[in-house]
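Now for the letters of each chain:
2 protein chains.
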Amino acid sequence: MSLDTVLMRCDGALDDALDRLFTLLEIPSISTDPAYKADCDRAADYLVSDLASIGFEATKRPTPGHPMVVAHGGTDAGDDLPHLLFYGHYDVQPVDPLELWNSDPFAPALEETEAGRVIRARGASDDKGQLMTFVEAMRAWVEVHGALPCRITIFLEGEEESGSPSLVPFLRDNAEELKADIAMICDTGLHDGKVPAIVTQLRGLLAEEITLHAASRDLHSGFYGGLAQNPIHLLTRILADLRDESGAITLPGFYDDVPDISDDLRAQWQALNFDHTRMLDDVGLSVPAGELDRTPLERVWARPTCEVNGIWGGYIGDGFKTVLPAEASAKISFRLVGQQDPEKIHAAFVDFVNARLPADVSCDFGDGHGAPASVMSTENPAFDTARGALSEEWGVEAAFVGAGGSIPVAGHFKTILGMDAMLIGFAKEDDAIHSPNEKYDVKSFHKGIRSWARILAALSNQG
Amino acid sequence: MSLDTVLMRCDGALDDALDRLFTLLEIPSISTDPAYKADCDRAADYLVSDLASIGFEATKRPTPGHPMVVAHGGTDAGDDLPHLLFYGHYDVQPVDPLELWNSDPFAPALEETEAGRVIRARGASDDKGQLMTFVEAMRAWVEVHGALPCRITIFLEGEEESGSPSLVPFLRDNAEELKADIAMICDTGLHDGKVPAIVTQLRGLLAEEITLHAASRDLHSGFYGGLAQNPIHLLTRILADLRDESGAITLPGFYDDVPDISDDLRAQWQALNFDHTRMLDDVGLSVPAGELDRTPLERVWARPTCEVNGIWGGYIGDGFKTVLPAEASAKISFRLVGQQDPEKIHAAFVDFVNARLPADVSCDFGDGHGAPASVMSTENPAFDTARGALSEEWGVEAAFVGAGGSIPVAGHFKTILGMDAMLIGFAKEDDAIHSPNEKYDVKSFHKGIRSWARILAALSNQG
Numbered sequence: 255m256s257l258d259t260v261l262m263r264c265d266g267a268l269d270d271a272l273d274r275l276f277t278l279l280e281i282p283s284i285s286t287d288p289a290y291k292a293d294c295d296r297a298a299d300y301l302v303s304d305l306a307s308i309g310f311e312a313t314k315r316p317t318p319g320h321p322m323v324v325a326h327g328g329t330d331a332g333d334d335l336p337h338l339l340f341y342g343h344y345d346v347q348p349v350d351p352l353e354l355w356n357s358d359p360f361a362p363a364l365e366e367t368e369a370g371r372v373i374r375a376r377g378a379s380d381d382k383g384q385l386m387t388f389v390e391a392m393r394a395w396v397e398v399h400g401a402l403p404c405r406i407t408i409f410l411e412g413e414e415e416s417g418s419p420s421l422v423p424f425l426r427d428n429a430e431e432l433k434a435d436i437a438m439i440c441d442t443g444l445h446d447g448k449v450p451a452i453v454t455q456l457r458g459l460l461a462e463e464i465t466l467h468a469a470s471r472d473l474h475s476g477f478y479g480g481l482a483q484n485p486i487h488l489l490t491r492i493l494a495d496l497r498d499e500s501g502a503i504t505l506p507g508f509y510d511d512v513p514d515i516s517d518d519l520r521a522q523w524q525a526l527n528f529d530h531t532r533m534l535d536d537v538g539l540s541v542p543a544g545e546l547d548r549t550p551l552e553r554v555w556a557r558p559t560c561e562v563n564g565i566w567g568g569y570i571g572d573g574f575k576t577v578l579p580a581e582a583s584a585k586i587s588f589r590l591v592g593q594q595d596p597e598k599i600h601a602a603f604v605d606f607v608n609a610r611l612p613a614d615v616s617c618d619f620g621d622g623h624g625a626p627a628s629v630m631s632t633e634n635p636a637f638d639t640a641r642g643a644l645s646e647e648w649g650v651e652a653a654f655v656g657a658g659g660s661i662p663v664a665g666h667f668k669t670i671l672g673m674d675a676m677l678i679g680f681a682k683e684d685d686a687i688h689s690p691n692e693k694y695d696v697k698s699f700h701k702g703i704r705s706w707a708r709i710l711a712a713l714s715n716q717g
Numbered sequence: 255m256s257l258d259t260v261l262m263r264c265d266g267a268l269d270d271a272l273d274r275l276f277t278l279l280e281i282p283s284i285s286t287d288p289a290y291k292a293d294c295d296r297a298a299d300y301l302v303s304d305l306a307s308i309g310f311e312a313t314k315r316p317t318p319g320h321p322m323v324v325a326h327g328g329t330d331a332g333d334d335l336p337h338l339l340f341y342g343h344y345d346v347q348p349v350d351p352l353e354l355w356n357s358d359p360f361a362p363a364l365e366e367t368e369a370g371r372v373i374r375a376r377g378a379s380d381d382k383g384q385l386m387t388f389v390e391a392m393r394a395w396v397e398v399h400g401a402l403p404c405r406i407t408i409f410l411e412g413e414e415e416s417g418s419p420s421l422v423p424f425l426r427d428n429a430e431e432l433k434a435d436i437a438m439i440c441d442t443g444l445h446d447g448k449v450p451a452i453v454t455q456l457r458g459l460l461a462e463e464i465t466l467h468a469a470s471r472d473l474h475s476g477f478y479g480g481l482a483q484n485p486i487h488l489l490t491r492i493l494a495d496l497r498d499e500s501g502a503i504t505l506p507g508f509y510d511d512v513p514d515i516s517d518d519l520r521a522q523w524q525a526l527n528f529d530h531t532r533m534l535d536d537v538g539l540s541v542p543a544g545e546l547d548r549t550p551l552e553r554v555w556a557r558p559t560c561e562v563n564g565i566w567g568g569y570i571g572d573g574f575k576t577v578l579p580a581e582a583s584a585k586i587s588f589r590l591v592g593q594q595d596p597e598k599i600h601a602a603f604v605d606f607v608n609a610r611l612p613a614d615v616s617c618d619f620g621d622g623h624g625a626p627a628s629v630m631s632t633e634n635p636a637f638d639t640a641r642g643a644l645s646e647e648w649g650v651e652a653a654f655v656g657a658g659g660s661i662p663v664a665g666h667f668k669t670i671l672g673m674d675a676m677l678i679g680f681a682k683e684d685d686a687i688h689s690p691n692e693k694y695d696v697k698s699f700h701k702g703i704r705s706w707a708r709i710l711a712a713l714s715n716q717g
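Residue numbers (this note's numbering), protein chains in the order written: chain A, 255 to 717; chain B, 255 to 717.
A portion of the hints provided could be inaccurate.
You can't tell identical chains apart in this list, so a pair holds if it fits in one copy or across any two.
[Said to hold, decoys possible] Each computed SDA-like pair below joins lysine to any residue, with the alpha-carbon atoms no more than 20 Å apart: (1) 291 - 573; (2) 598 - 401; (3) 433 - 334; (4) 291 - 571; (5) 697 - 619; (6) 697 - 512; (7) 668 - 528.
Simulated from the structure, these hints should not be mistaken for lab results.
Given only the sequences and the hints, what does the whole structure look like? Please build it.
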C-alpha cells in the first residue's frame with residue numbers, strides 16, 4: 255500500500271523531476287578539462303543543496319581534484335534494517351567533436367523520437383540522469399512517508415570520467431563514514447535496451463599515454479626524410495604490433511590471468527539472445543571486429559581489449575606541411591578481466607614499447623593508472639531481492655549480466671570498504687554516452703525512479 | 255671595375271637591405287592557412303612596390319589562390335645578352351608549435367650567436383631572405399649603373415608552401431611572357447653549410463591525405479571495445495605496413511622507376527665528404543635511419559621516401575577519454591626520384607590502402623597532388639659560368655649537388671616553358687626551416703647578394 259503511494263508520487267512528480275535534472279545538466283562539469291573546474295564545483299553545490307532539501311545531511315567534501323558529495327539520511331531507522339550506500343558521478347565527458355552535436359550539449363531538451371521521448375544533453379545518461387533516478391525515488395519516499403525507509407548514504411563523485419584520482423584516498427580516509435551493508439551503483443544499462451539487469455562482472459581498465467621523442471626539433475622532410483627517425487612512423491609500428499592479425503593482443507603475458515568463462519555462465523549468457531547485429535547496426539557497422547574465435551558477447555563482457563583512444567603528431571591543420579615531427583603521442587586503454595593486474599600489464603606495456611625504440615628515440619610514459627576487473631558475490635540475498643523488485647517494475651525477469659565498461663569504484667568498495675556492490679542502471683546502448691548527441695530515454699528516467707522506489711521498499715521489507 | 259663598384263655597394267647597403275627584408279618578414283604570409291589570405295596579398299603588394307622602386311615594371315597577378323608577382327626589367331638590353339628569369343616564393347610555413355619559438359616568428363630580429371649574426375623569423379631562410387638576395391643584387395646594380403646588365407624577369411609565387419595549386423595553370427596561361435633563356439631559383443642551400451652549390455637533381459613530391467571512417471559516431475570503448483572497428487588502430491597498421499624492417503617502402507611497383515646513381519656521380523658525391531654525423535647531431539640525433547644499404551647522402555639526394563607528416567584521431571586533449579573514434583586521419587608524403595610518376599604512385603597508394611580496409615571501414619583520399627623529380631641539363635654553359643662566379647665569391651670551388659627537398663617549379667619551367675633552371679641558394683641545414691626558431695645567417699644574406707651580383711656580371715659578360 256505504502257509502495258503504491260510512492261510509485262504514484264513518482265509518476266505525478268515526473269515533470270518536476272525533469273526540471274531538476276535539467277538544472278544539473280546545464281552545468282558543464284567536464285572533469286578531465288581544467289577549464290571546467292568551477293563548473294564541477296557548481297554541480298557539487300547543486301547536489302548538496304538538492305539532497306539537503308529532502309532531509310539529507312549533505313556536504314561537499316574537498317579533494318585535490320574535484321569535490322565529493324556525501325549525504326546521510328534515515329539515520330534514525332532501525333538497526334535491523336539495511337544501511338545502503340548509493341553511488342553516482344556528477345562529472346561528464348568532454349563534448350568534442352562539438353560540430354557533430356545537433357544542439358548545445360549543455361542546453362538539455364526533451365525530444366520526440368520514433369522510439370519515444372528522450373532527454374538530449376551531455377550527461378543525460380552518463381551519469382546525471384542515472385544518479386537522479388535514485389535521488390528522485392528517495393524524494394518521493396520522503397514526501398509520502400516523511401522519512402527514508404532505512405539508513406542511506408549517498409556518495410557522488412566528480413572525477414569518474416578522468417580516472418578518479420581522488421577516489422581511493424578519499425575512500426581510505428573516510429572508510430568508517432562510508433561503510434554500509436551494500437552499495438548500489440547506478441551507472442550501467444538495461445540489457446538489450448529492455449531487460450532490467452544487475453551487472454555481476456565488470457571489466458577493469460588501464461589507461462596509458464605515451465609520447466615518442468626523436469629529433470630535438472621538427473625537421474624538413476626534404477632535408478631529413480630518409481635519414482632521420484620519424485616518431486609518427488615508429489608510433490604506428492608499435493601500436494600496430496600490439497594486436498596480431500586475429501585481433502589478439504601481443505603483450506607478453508597479457509592473457510596469463512584471463513580465465514575462460516564457466517559453462518554455466520556461458521549458458522546463461524546464451525539464453526539472453528544478445529543481438530550484436532542490432533548493436534552494430536545502430537552505429538553503422540555490420541561485422542564484429544576483434545577476436546575471431548570468441549562470441550560477440552564474450553568479446554565485450556569477458557575478454558580483455560587494447561584500444562588506441564587518441565593519436566596525434568606532426569602537422570594536423572589545413573593544407574600540408576612536409577615536416578618530420580620531433581614527437582608523436584597516443585592514448586591507449588586496456589580493458590582487463592579476471593585476475594589481470596593493472597600494474598603488471600603497465601610494466602609489460604612499458605617493456606613492449608621500450609623494446610621497439612631504435613637509437614635516438616625515447617618515450618615518455620604516463621603513470622598508467624588502472625583498476626582490475628570486478629566479479630560480485632551474488633550469494634548475498636540482496637541481489638535476489640533487488641532482482642525481484644526490478645522484475646516487477648519492468649514486467650520481465652531481470653538478468654544477471656556482465657559489462658564491458660569499467661566501473662572501478664565497485665572494486666574499491668569491495669577492497670577498501672569490504673562491501674559488495676550491486677550495479678543497476680537504465681541506460682541503453684543507443685544513448686551515445688561519450689559521443690555527440692548523448693540522450694537518455696524519458697522512460698529510462700521514469701521507470702528508473704520507480705525501480706529504485708521498489709528496491710528501497712523490498713530491501714527494507716516495506717513492500 | 256664595374257663589378258667591384260657593385261660589390262662595394264652591396265656591402266655598404268647591407269643595413270638598409272636588412273631593414274627591407276624585415277619589413278617583408280613582418281607579414282605573416284602563411285599560404286596554407288586561409289586565415290592569412292590578406293597577409294599573403296599584402297606581401298605581394300610590398301614586393302610589387304619594392305621592385306617598382308628599382309625600375310621594374312612590376313604587377314600583382316591574381317590567381318584562384320594567392321597572387322603571383324611578375325616584374326620585367328632591362329627590356330632594352332641587347333638581344334645578344336641572356337634573358338634571365340628569377341624565381342622565389344614569398345609565402346611561408348605555418349609556425350606551430352608556437353610555444354617552441356623563443357620569440358615572435360613575425361617580429362624579425364638580429365641575434366648574435368656563437369656561429370655569427372643571424373636573422374631570426376619565420377621565412378628568414380625559406381624563402382624571403384633568399385629571394386631578397388637577388389632583389390638586393392639587382393638594386394645595387396641599378397644604383398651603380400643606372401640599369402640592369404641584361405633582360406631580367408622576376409617571378410614570385412605565394413603558394414609554394416601549400417602545394418602550388420595555381421602554378422601550373424599560371425605558367426601555361428602566361429608562357430610567352432615568362433619564357434626566358436634560363437631560370438635562376440633561389441630556394442636551396444650551401445653544401446655542408448659552407449660550399450656554394452648548384453643543385454642539379456631534385457626529388458619530386460607526392461602529398462596524400464587520408465581519413466578512415468568506421469562507426470557512424472564515436473563509441474564508448476567499454477561497450478564497443480573488442481567488437482567494433484577502431485579506425486586509429488587500422489590506420490597505424492596501414493601506415494606501419496608502408497615500410498618494411500629495412501626501411502624500404504612496400505608499395506607495389508614503387509621502385510620500378512628509381513634509377514641507381516651513376517658511378518661518376520657517386521664519385522663526385524663521395525668527394526664532397528658529406529658529414530651526416532654533424533647534420534644529425536645538430537638536431538639531437540646520432541644514427542642514420544632509413545634504407546640501411548644506402549649511404550646517407552644517397553638516402554637524402556637520390557632515394558625516394560615515404561614519411562607520415564601528420565596523424566590525428568580520437569581524443570587528444572588533456573586527460574583521458576575512452577573513446578573508439580568514428581574516424582582517424584593522416585598526411586603522408588612521398589619524395590620521388592628518377593622517373594617515378596606521381597600519378598602512378600598515387601594510384602598504387604590508393605590500392606594499397608583499399609586492399610587493407612576490412613568490412614565497415616571506408617577511406618577518403620585527397621587528390622594526391624605531386625610533381626616528379628628534376629634532373630638538370632648541366633651541358634648548358636651557364637652552369638659553368640655561374641659555378642665560376644660562386645667559386646670566386648666564396649673562395650672555394652662551387653659544387654654540383656643533389657637535393658632532398660622538392661622544388662617542383664624547376665620541373666614545370668622545363669616542361670611548360672622549355673627552360674633549364676639553375677638552383678642556387680645560401681641556406682644552411684641548421685636554418686630550422688619549417689620548424690620553430692627559423693633563422694638565416696647574415697653572412698648567407700650578405701654573400702648571397704654579392705654572389706648574385708657576380709653571377710649577373712658573369713652571365714652578361716660584364717665582369
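Under the constraints set out in the numbered hints, which ones does this structure not fulfil? Violated hints: 2, 5, 6, 7; rest satisfied.
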